[in-house]
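Trainee: Spelled out from the first residue to the last, the chains are:
2 protein chains.
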Amino acid sequence: MNIENAQVQMRKGILEFCILHVISRGEVYASDMLEELTSARIMVVEGTLYPLLTRLKNAGLLDYKWVESSSGPPRKYYVLTDNGKLFLDAMQDTWLDLADSVKTIIKKTDEAIQTQKPS
Amino acid sequence: MNIENAQVQMRKGILEFCILHVISRGEVYASDMLEELTSARIMVVEGTLYPLLTRLKNAGLLDYKWVESSSGPPRKYYVLTDNGKLFLDAMQDTWLDLADSVKTIIKKTDEAIQTQKPS
DNA sequence: ATATAGTACCTTGCATAGCAAAGTACCTTT
DNA sequence: AAAGGTACTTTGCTATGCAAGGTACTATAT
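Protein chains in written order, with our numbering: chain A, 807 to 925; chain B, 807 to 925.
Treat the hints as calculated values from the structure; they're not laboratory data.
Certain hints may be false.
Identical chains share a label here; the pair holds if one copy fits it or two copies do between them.
Keeping only pairs whose Cα atoms sit at most 27 Å apart, straight-line, the calculated DSS-like set for lysine-lysine is [said to hold, decoys possible]:
#, residue 1, residue 2
1, Lys863, Lys914
2, Lys871, Lys909
3, Lys818, Lys891
4, Lys818, Lys913
5, Lys914, Lys818
6, Lys882, Lys863
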């Protein structure tokens with residue numbers, strides 16, 4: 807039970823959400839996504855990303871096409887399907903609700919501490 | 807791949823954090839926590855909470871004492887240990903960072919959409 | 001031509017942790 | 001003593017992140 811593990815756990819639930827977000831902006835392939843997410847300080851690695859993309863594709867939320875590259879092997883460029891867009895919207899609602907709930911909990915704790923130790 | 811499952815996944819990472827928060831306010835037992843979290847719209851059930859409390863206790867973040875009840879079986883009242891307080895602070899930093907990262911991602915998508923469809 | 005390096009995608013095996021459901025134990029009320 | 005409520009526990013399942021290793025294609029250097 808270390809803080810690194812706790813950070814991993816927190817990240818878990820939102821990876822799918824963040825990846826759908828990045829794809830929603832336009833066609834991207836895996837390395838684009840890794841770069842985008844890393845620059846937003848959301849740590850992801852290949853072993854997480856590829857299986858996740860496959861799951862999302864199989865669930866009908868994503869589609870992809872192969873595109874030749876001028877500097878290496880071909881790439882899978884992903885886009886959201888209509889279902890994927892709906893799903894992303896639903897996830898965003900969930901996230902905003904959750905973030906608000908946590909905000910409430912933090913605030914309530916702060917108030918409890920203020921009451922215990924009035925300045 | 808349904809939205810309910812996505813909600814569960816998002817919740818996962820923050821349950822520990824929210825539970826430590828509730829305990830940080832003062833001695834509580836499991837039913838108190840369930841009530842607190844439910845009222846904050848963080849859904850938790852017994853099968854999740856009890857094993858989690860045991861894990862946190864074994865990790866040295868929590869301590870408890872048995873207290874007789876006037877209306878049923880005895881209860882385990884939990885408090886944070888010093889280590890638990892430090893851990894909670896670290897988790898809060900992690901949470902705030904994460905929430906900020908997600909906010910950035912959402913904002914960036916909104917901007918991308920604005921650019922595509924200028925009013 | 002062949003070897004090396006770089007890029008891109010995929011797979012395997014493991015560990016963590018939420019959850020539904022069933023179980024145990026204690027207390028109060030009738 | 002039987003029934004019902006409260007509280008804590010356990011079992012089996014599932015989902016999913018991740019480290020590590022693997023496959024395959026392309027470009028460059030020799």
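Trainee: Take the hints in turn and mark each one as holding or not.
Mentor: Checked hints:
no., hint, verdict
1, Lys863 to Lys914, "between (41 Å within a copy, 24 Å between copies)"
2, Lys871 to Lys909, "neither (41 Å within a copy, 29 Å between copies)"
3, Lys818 to Lys891, "both (20 Å within a copy, 23 Å between copies)"
4, Lys818 to Lys913, "both (24 Å within a copy, 21 Å between copies)"
5, Lys914 to Lys818, "both (26 Å within a copy, 21 Å between copies)"
6, Lys882 to Lys863, "within (12 Å within a copy, 46 Å between copies)"
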